[in-house]
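**Student:** Could you build all of it, start to finish, from the sequences and the hints given here?
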Amino acid sequence: MINRILLAALSSGSGKTFLTCGLLKALKNRKISTRAYKCGPDYIDPMFHKRVLGIPGGNLDTWFSRPEDIRARLMREVQPGEIAVIEGVMGYYDGLGGVSTQASSYDVAKATNTPVILILDGKGVSLSIVSAAKGICQYKEDSRIAGVIINRMNPALGEKLRPAFKEQGIELLGCVPDCPKWKWDSRHLGLVMPKEQGNINEILDELAGCMEQYVNIDRILEISSKALDMEEILKPEKAVFIEKEHVNIGVAMDLAFCFYYQENLDFLESLGARLQFFSPLSDKALPENVCGLLLGGGYPELYADRLWKNTSMRQAILKAAQNGMPISGECGGFLYLQEQLEGEDGRIYPMTGVLPGTSVRKEKLGRFGYIELTAKRNAGWVKEGDQIKGHEFHYWDSDCCGDVFHSKKPVGDRQWDCIQSRYCVVAGFPHLYYPSNPSYGKGFVDACRRWKESQNK
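Just so you know, our numbering puts the end of the sequence shown at 457, numbered straight through with nothing missing.
It cannot be assumed that every hint is accurate.
[What the hints assert, rightly or not] In silico DSS-like pairs for lysine-lysine, Cα to Cα no more than 30 Å straight-line:
1. K309 to K284
2. K50 to K442
3. K195 to K362
4. K226 to K140
5. K408 to K376
6. K110 to K140
7. K166 to K134
8. K309 to K364
9. K362 to K376
10. K442 to K376
11. K319 to K309
It should be emphasised that the hints constitute simulated quantities derived from the structure, not laboratory data.
**Tutor:** Right, dumping it as structure tokens:
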């Protein structure tokens, strides 16, 4: 039995991340061992979860992973006596293309038999919020919604509405009052990262206290402990590929590069990779003895001036690429690997020059959402016909996006070519989910190992 709960909402902006972090902090204060997960392909919200709990979380995504794989993962990662707190994504039923429940928070709850707490925004509404809650609960017979928390509503008003909720068979678990100072800054790709939120610890402490005062956390724990059993599956061991020796892979990790699926990093380590974190912003050289580089997404456009001025790092990466070192770049990493990048200040800055192209800001979000990718030709460690799932989310675009892969949206007819390759570099805008095709990640690690062997001859 795994104790678990999922916090969902009617829409984005309802306070899911805020209240999830408040609950995590309250549970931590109670010394209850907790693990946190995020529905969907989000990178930033898990950073907040990690900031609260001090341990990595992860993503649960029914587009990237089969339901049975998600269930097996929870059984592997959540220990007896722990509780798994899962934060939803967008609106509860919002999935692929905005017209399907596949890959929605509801889909994750269904795949894992997890009870759901619905968060509703109570700003500027009173009795009508009961009808909204009723509609969401009854839209699907198996909604699994076990209770409601109202955000940004005076608790006194919430108490007056309690009989109306009860009349509809809905349990009101509490009302969290609005507080103007309980706000986190946002930018074009979502919340500003935890490291940049100056008063985050103060906010978390106050929010946890507020949750204890106004939300029935004991009841939430009771609901989580009554989660239905997931279907019987053997508890699998973490996949381990037996290799002759480990291989060191450098992973860019700083304010400019920080968007990674934790599952990808865990997967690389299971293949024998030893991850060596470094900062293209501040380090002057690559970590010693690395045999490959992983440059993830993030905000290089915000730090284009600093990245440009760190000449020694740019030259080190270019030299490594020219020497045949395998390098994987995704979104922000792809921007950094190209010749030029427009910074947020509107200036054009030279980057590493590993790949051709210039990236500039566009007026709107480009090619947003899930994609399926198929390799059109051999490149680096990629073989023609290889398939993998991914996600795109970016405001910057390049005049040279590449054509190694062909990508297609899972809903509708939209499709395009993407991802460049030069030397043993494979980079583009898509964020790839390695477990959706284990051979892709294994190909990258194998290429790093071959490069290591070539240097030792």
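**Student:** Each hint should be assessed against the structure and marked as holding or not.
**Tutor:** Results for each hint:
{"no.": "1", "hint": "K309 to K284", "in the structure": "holds, 11 Å"}
{"no.": "2", "hint": "K50 to K442", "in the structure": "holds, 27 Å"}
{"no.": "3", "hint": "K195 to K362", "in the structure": "holds, 27 Å"}
{"no.": "4", "hint": "K226 to K140", "in the structure": "holds, 20 Å"}
{"no.": "5", "hint": "K408 to K376", "in the structure": "holds, 13 Å"}
{"no.": "6", "hint": "K110 to K140", "in the structure": "holds, 11 Å"}
{"no.": "7", "hint": "K166 to K134", "in the structure": "holds, 11 Å"}
{"no.": "8", "hint": "K309 to K364", "in the structure": "holds, 29 Å"}
{"no.": "9", "hint": "K362 to K376", "in the structure": "holds, 27 Å"}
{"no.": "10", "hint": "K442 to K376", "in the structure": "holds, 19 Å"}
{"no.": "11", "hint": "K319 to K309", "in the structure": "holds, 17 Å"}
Violation of the numbered hints given earlier is absent; every hint is satisfied by the structure.
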